[in-house]
Structures are given as structure tokens and as C-alpha cells.
Amino acid sequence: MKKLLSIFAVVAFAFSAHAGTLDDVKNRGFLKCGVTTGLAGFAAPDDSGEWAGLDADMCRAVAVAVFGDRSKVEFITTTGKSRFPTLASGEVDMLARNTTWTISRDVNLGFEFVGVNFYDGQGFMVPSALGVSSATELDGATVCIQTGTTTELNLADFFRLNGISYEALPIETNDEGKENLFAGRCDVYTTDASGLSSTRAAASNPDKWVVLPEIISKEPLGPLVRHGDHQWGDVVRWSLNAMIIAEELGITSENVDAQMSSNVPEVLRLLGVEGNYGEMLELSNDWAYQIIKQIGNYSESYEANVGPDTPLEIARGLNALWTQGGILYAPPFR
Amino acid sequence: MNEMNEVRKPPVATTGIIGWLRINLFFNWTNSLITLFVIYCLYQFIPWILDWTIFSADFKYNYLGEQITNQEMCSRNLDPENGGACWAVIYVRFYQFIYGFYPKVEVWRVNLAYVMLAFALLPLLYAKLPYRKYFLYFTYIFPVIAYFLLNGGLGFTEVSTNKWGGLLVTLVLGCTGIALAFPIGIMLALGRRSKLPVISMMCTLFIEFIRGVPLITLLFFGMVMLPLFLPEGIDMDGLVRVLVAVTLFQSAYMAEVIRGGLQAIPPGQYEAAKSLGMSYWRMNLLIILPQAIRISIPPIVNTSIGLFKDTTLVIIVGILDLLGIGRGTLADTNWLGLSYEIYFFVSLVFFIFTFGMSRYSLYLEKKLKTGINMGAD
Chain U
0 MKKLLSIFAV
10 VAFAFSAHAG
20 TLDDVKNRGF
30 LKCGVTTGLA
40 GFAAPDDSGE
50 WAGLDADMCR
60 AVAVAVFGDR
70 SKVEFITTTG
80 KSRFPTLASG
90 EVDMLARNTT
100 WTISRDVNLG
110 FEFVGVNFYD
120 GQGFMVPSAL
130 GVSSATELDG
140 ATVCIQTGTT
150 TELNLADFFR
160 LNGISYEALP
170 IETNDEGKEN
180 LFAGRCDVYT
190 TDASGLSSTR
200 AAASNPDKWV
210 VLPEIISKEP
220 LGPLVRHGDH
230 QWGDVVRWSL
240 NAMIIAEELG
250 ITSENVDAQM
260 SSNVPEVLRL
270 LGVEGNYGEM
280 LELSNDWAYQ
290 IIKQIGNYSE
300 SYEANVGPDT
310 PLEIARGLNA
320 LWTQGGILYA
330 PPFR
Chain Z
0 MNEMNEVRKP
10 PVATTGIIGW
20 LRINLFFNWT
30 NSLITLFVIY
40 CLYQFIPWIL
50 DWTIFSADFK
60 YNYLGEQITN
70 QEMCSRNLDP
80 ENGGACWAVI
90 YVRFYQFIYG
100 FYPKVEVWRV
110 NLAYVMLAFA
120 LLPLLYAKLP
130 YRKYFLYFTY
140 IFPVIAYFLL
150 NGGLGFTEVS
160 TNKWGGLLVT
170 LVLGCTGIAL
180 AFPIGIMLAL
190 GRRSKLPVIS
200 MMCTLFIEFI
210 RGVPLITLLF
220 FGMVMLPLFL
230 PEGIDMDGLV
240 RVLVAVTLFQ
250 SAYMAEVIRG
260 GLQAIPPGQY
270 EAAKSLGMSY
280 WRMNLLIILP
290 QAIRISIPPI
300 VNTSIGLFKD
310 TTLVIIVGIL
320 DLLGIGRGTL
330 ADTNWLGLSY
340 EIYFFVSLVF
350 FIFTFGMSRY
360 SLYLEKKLKT
370 GINMGAD
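The listed protein sequences correspond, in order, to chains U and Z.
41 is the number that numbering that gives the first Met the number 0 gives to position 42 of the first sequence; each next residue is one higher, with no gaps.
226 is the number that numbering that gives the first Met the number 0 gives to position 227 of the second sequence; each next residue is one higher, with no gaps.
Calculated directly from the structure, the hints in this document are not laboratory data.
Heads up, the beta-carbon is just placed ideally off N, CA and C, and yes, glycines get one too.
Watch out, some of these pointers could steer you wrong.
Said to hold, decoys possible - So, partial list: chain Z residues that the calculated Cβ filter (under 7 Å) puts toward chain U:
hint : residue
1    : L179
2    : P226
3    : L312
4    : R326
5    : D331
Claimed, not checked - 25 Å max Cα-Cα, derived DSS-like pairs, lysine-lysine:
hint : chain 1 : residue 1 : chain 2 : residue 2
6    : Z       : K194      : Z       : K273
7    : Z       : K366      : Z       : K127
8    : Z       : K368      : Z       : K127
9    : U       : K71       : Z       : K103
10   : Z       : K308      : U       : K80
11   : U       : K71       : U       : K292
12   : U       : K71       : Z       : K365
13   : Z       : K162      : Z       : K308
14   : U       : K217      : U       : K80
15   : Z       : K162      : U       : K25
16   : Z       : K132      : Z       : K365
17   : Z       : K59       : Z       : K103
18   : Z       : K103      : Z       : K162
19   : Z       : K368      : Z       : K132
20   : Z       : K162      : U       : K80
To be verified - The following label-pair restraints were derived from C-beta to C-beta distances:
hint : chain 1 : residue 1 : chain 2 : residue 2 : range
21   : Z       : G154      : U       : P330      : 48 to 54 Å
22   : U       : D308      : Z       : L41       : 44 to 50 Å
23   : U       : T99       : Z       : P213      : 45 to 51 Å
24   : Z       : P213      : U       : P330      : 45 to 51 Å
Start from the sequences, fold in the hints, and give me the full structure.
This is the structure:
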């Protein structure tokens, strides 16, 4: 009976989910955005209780696109375990929760990744006193590694490919890894590069630690929505793309007003001076202008939250524009 | 022979400070060795912890006299040789630790609720309170007042529960869980001992099922599955769902604790009550339960303390309680790396509450003389 009920509920839910998230959001008057419970640089409450970070900016950008107001967003905190059920049940309209885009999540779980707002990958951190400049020199090292994660498998693959050996020191949490590395119980700590940067920033003397250049896995992190609501997916996708295109075109939150009278056709299209792209998305025509005005372009968000001037000191690397040696690439705005 | 009758004073070695020391700390050589070892450890530890937490610590300003706004300005980060804990992070984030993300203009409502909670608890905790009867009326209506005050309605602006956080969430979960679980637990305990097979079977099934799964599973069930069973359009609040899970969990444990108390009541008490012509409910309310609950005080407090600490698990369903706010603070790039200070503060707050509960239960036990065997055998 219970099983029957739940099947019925799921089916009923599956139909109701097609009602149109954009209309739901507009009627509700604010966006519900799922973020982490706290991850340095991506989403964390600041001293005044406002959520800040790269993912938080993503949420705000969508809120701005829909309402023209960066405060019209409610942040729902989710954990690694609760994020997918929360999105599937419709409790949040979208997730910007540094989630890796994989085939199983995209296809099997019934979600749609609308783009990538941060290219991460597994890296290594060692004490600078070790004098190592490349991960291939780590033969025989003791490595702190979180058990039961894909990082464990990546590590084994990397060392086997390079024909070198290592000794694993299994740990459970990032904090544990940090303490073990700082106490010298392991020579190397490996996890996602953004995580390494925050670990390094938390050290009492960050200069004593270096993050090695090798990145041994692909972790494209991006916002995602439920399958089947393409209109809403488009709104989120193009909110992200608008920020990237704005950087490409050199439009910032400061010069956006001056750019309104630019003579570059794509700038005029993006800012809504020409064309009716806002209407196509069922948004106001100045939606992208408002995103750039209130949030900034991708580079501004990046530099403010995770860039080299923040304690995290993550260089643009892969996250630079395709024209500047990175792989950040948005489809043209036309 | 006369001198034999004289009252002889006890030997010097067993009285006074020296006597106490001898008996309690230096009774024999193993005792003495352990005492010396413990003194040595305390000597090593206490000056260090005092220095770190108080004497060398930054409270609001660092040793240069600047007001601290991020971790780089902490004395110990400016100069590793200089400075202990950096409590400025607690100072700056105090609002969040106590109220979560509750809007600042509405925060008086939370403060009022905190004060009213104290008044509501007073008549429950202290039996000799003057005008206790009237205070008790207030206690009964307090949950309703608190609901409207915190959540909104009746002219108050609504503050959605995902803006709640910190100590507020911890107290709401702890108090509601403990308060609701008590009556439900009593009913379940009586039900399980009932002679009516259907009632006893249902209660047993419920208790065993809830006790058989971890709280995390129940929280997930509440968070993810519960909405699927509700009819379309009824949107149950996240915090309410967690409250349901926590209350169910706590009632099952409370039921077993109270059942233990019920089993300790000698059959003579039941027989005596019945022979006076008392009904089932009168017998339980007037004779059995007062005694059963009295002897169950230690385990009741035990499970309550357990629940209060278990409320930190709600972080896995994305609700930021006191510990969750602490972790969120650690993820702010301004305050990276201050984990010792934050975890120390959070554990101190939890310690104050749980230690208070356990001391209160000792006071109750003393007052009600639960240690003494209650006649009838």
C-alpha cells in the first residue's frame, strides 16, 4: 500500500513538475536556490548573514534576470546527500552547489546541467620544504586521501600511469586531511584544487605550502535544474552565459552604462538595446544589463570570491576565457 | 578504668585538610602516584589553556589595537609567537550564532521568546514559586505564543524558517522535541503494557521501528519522503518536517525509559489502587505514573541531553543550527582557519545547556529522594 502510494505520489509529482518553473518563481516573488552549507569561495554566509561566493552570485544572477533585483532570492542550504532530493522534489528551483557534471547525474537522476561556472580538478598540495615541483616526483610519498571518493581512484590511476609508488593515509574529512598534513603525518594531501586552495589559505603560514601544477581529473562544476522544463533551463543557462559573454565583450558593472551607447552589435544585443532576446526568454529586455550592473561579469565575480586577491588565491587557469588560454566559452549572443 | 571512658579524639592524620588529603589522594602508593601524575598533567595543561583562551587571546582588538575584521588581523596570524585564541570571530558573528539569519528589525521577537521561555520554564523547574498556578497557565499557552512570535502571523510579518538558525534552531528543536516527546512517550509506554492486543502491538511496532533506525535516517525520511506522502499543494515547512522526525525519535526512547519506571512499580501498588475502585486512568495518573516518573528521572534527563546534542545532525538536511553556523563561518574566506575558536565556543554553549540539565536532575533527585526505596516491598 505504502509502495503504491509512493509510486502514485511520484507520478503525480512528475506531472506537476512541468507546470513551468519560471511562472512559479514569478508568482512566488522570489527564487529558491540550493547552495552548500558553507564552502569557502563558493557559498558561505558573510558577517552580516548575506550569502556570498561564486555559486551565491550564480543564484543572484538568475534572481536579477527574473526580477531585476539581486535580493529576490532565498538560499536553501543543502548537503552533498540532500541536494538532489531537494531539487527533485521542487523545494528549490535550481542548484548552484558546486556539483560535478557527470553522465549519471545528468541522465539517470533526471537533471539538466545548464553550463559550467567553475572548472575544478583534483590536485596535490605539499610542503614547500619538500622541494617538489611536479607530482611525478612524488615517488614513495605518503598521501592523505579521503576514502570512498573518486579522488581515491584518480590517485591510484595517476601513480600507476606514471610508474611510481605511494602510501595512502586514509582520512574521512577535509579538516582531518588538513590537520594530518600540517602535522607532517603525510607528505601530500590530494583533493579538488579549490579545496586545496582553501586548505592552504587556512594554514598559519600559507607560504610554507604549495599546490602542484598537475590536475589529474575533470570536475566541471555547474548549476543544474530539473529535467523537462526547458524554458527555465534556458533562463539559468543564459544568466550564466550572459556573465561570461560580458567578460568577453569587456562589459563590467562599472562601464555597463557607458556601453549602452557602444557601437559593437553584440554588446547592444546583450544589453537589450537591440533585439528582443529578453522577450524570447519571457524576461524583461534589460535582464542581462541588470545582471552585469548588479552582479558583474564572470571575471568580477571570480576575482571577488576565489581569485588571486582573495585568501583562496586560485589563478584563473582553466577558468580563463577561451581567448586567454582557458576553456571558458559561451555560445554567441545572437 | 576511667580513662577508658574518656572520649578520645580521632587521630590527627584522619581529620582536617591533611586527613582528607591522606584518605582521598594519598591513601597508598598507587593512589599517590596517580595523584602526582594528574597534578603534573593539570600543571602542564591549565596554564596553557588559560593563556590561550584568556590572557593571550584577542577579544575584539588585536595586539596592535586594531579592531579585528578578518582572520589575517588576529594577533596569532600577524605574529605566530604572539597571541592565543581569536575570539573576535565569535564577537563579529555573535548575532548569527544566536539568531541565524533572522531579520535584524524583527529580532526583538526572538529575544522576547527567549525571555518568555525562561518564564515558562520557571514554574516547571521550581515548585515553590509563588503564584505558581498562574505561571503554569502561561507555560501552557507559551508554545502558541512562541509560534506566532517566531514564525509570524497575527499581525507579525512572516519570517520563513530557513532564516532561522544558530542557537534559535537548536533550542526550538531541543525544547519542542523534549516537550512533545514526554506526553507521547507516556502514552506509548502505557500502550505497550496494555492488555489490549491491538494497542500493545501497535505501540510495540512503533517503538521498535523508530528505535531500530538511526536519527539520520529519520531526518532524511522526514525531509525527502514526507512531502511525497502529502497531498498536492500542502507544503510542509522544512523545520516542521525535521521536528516531526526528532519528536518521533525522542518519543520512542522516552516510552522505553518510562516503561522501565512502570515495571519497577510493585504490583501491590496496582492492586491497592484497584481495590479502592480507581479507574485505569485515575490509577495511572494518581498512583503509578508519579512514582514511575520519579524513579525514571536520571534516564529521562539522559535521553533529553542525548537529544539536545543530536539536534546537530540536522545539518545533513541543510538546516544550520549552532554547529552549522559555526561551520558556515569557517567557510567564509574572512575567517578561514579559526576552527579551534569556533568549535570551542560551540562546545561551550552545548556544555552550558547539558551541564545545566544534568545538575537540575541531580537537584530533583535529591528533592524527591528517588534514591530511597519506595515502600511496598
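Here's how the hints hold up against the structure:
Evaluation of the L179 (chain Z) hint against chain U yields a violated restraint, the C-beta minimum of about 24 Å exceeding 7 Å. Hint status for P226 (chain Z) relative to chain U: holds, with the closest Cβ pair at about 6 Å, below 7 Å. Nearest Cβ of chain U to the Cβ of L312 (chain Z): about 11 Å, over the 7 Å cut. The hint is violated. The interface hint given for R326 (chain Z) is met, as the beta carbon of that residue sits about 5 Å from the closest beta carbon of chain U, less than 7 Å.
Here the hint on D331 (chain Z) is kept, as its CB sits about 5 Å from the closest CB of chain U, short of 7 Å. Between K194 (chain Z) and K273 (chain Z), the direct Cα distance comes to roughly 16 Å. Compliance with the 25 Å bound is thereby established for this hinted pair. At roughly 12 Å between alpha-carbon atoms, K366 (chain Z) and K127 (chain Z) fall within 25 Å of each other, so this suggested pair holds. Taken as a hint, the K368 (chain Z) and K127 (chain Z) pair is honoured in the structure, with Cα atoms around 17 Å apart against an allowance of 25 Å.
Only pairs whose Cα atoms come within 25 Å are accepted, and K71 (chain U) paired with K103 (chain Z) is accepted, the gap being roughly 18 Å. Annotation: proposed proximity of K308 (chain Z) to K80 (chain U) holds, straight-line Cα distance about 21 Å (limit 25 Å). This hinted pair checks out: K71 (chain U) and K292 (chain U) have alpha carbons roughly 15 Å apart, not beyond 25 Å. For the hint pairing K71 (chain U) with K365 (chain Z), the CA-to-CA distance comes to about 56 Å; that exceeds 25 Å, so the pair is violated.
Distance check on the hinted pair: K162 (chain Z) and K308 (chain Z) sit about 21 Å apart at the alpha-carbon level, within 25 Å; holds. Among the hinted pairs, K217 (chain U) with K80 (chain U) is consistent with the structure: their alpha-carbon atoms are about 21 Å apart, no more than 25 Å. In summary, the hint linking K162 (chain Z) to K25 (chain U) is supported, as the alpha carbons are separated by about 21 Å, within the 25 Å threshold. Between K132 (chain Z) and K365 (chain Z), the direct Cα distance comes to roughly 23 Å. Compliance with the 25 Å bound is thereby established for this hinted pair.
Distance check on the hinted pair: K59 (chain Z) and K103 (chain Z) sit about 22 Å apart at the alpha-carbon level, within 25 Å; holds. A hinted pair counts as satisfied when its Cα atoms are at most 25 Å apart, and K103 (chain Z) with K162 (chain Z) qualifies at roughly 11 Å. Between K368 (chain Z) and K132 (chain Z), the direct Cα distance comes to roughly 24 Å. Compliance with the 25 Å bound is thereby established for this hinted pair. Taking the CA atoms of K162 (chain Z) and K80 (chain U), the gap is about 21 Å. The hint holds against a cut of 25 Å.
Between G154 (chain Z) and P330 (chain U) the beta carbon distance is about 51 Å. The supplied range of 48 to 54 Å therefore holds. Look at D308 (chain U) against L41 (chain Z): about 46 Å separates their beta carbons, and that is inside 44 to 50 Å. Our hint of 45 to 51 Å for T99 (chain U) and P213 (chain Z) is violated, since their Cβ atoms are close to 28 Å apart. In this structure the hint that P213 (chain Z) and P330 (chain U) lie 45 to 51 Å apart at CB holds, the actual value being about 47 Å.
Checked against the numbered hints given earlier, the structure breaks hints 1, 3, 12, 23 and satisfies all the rest.
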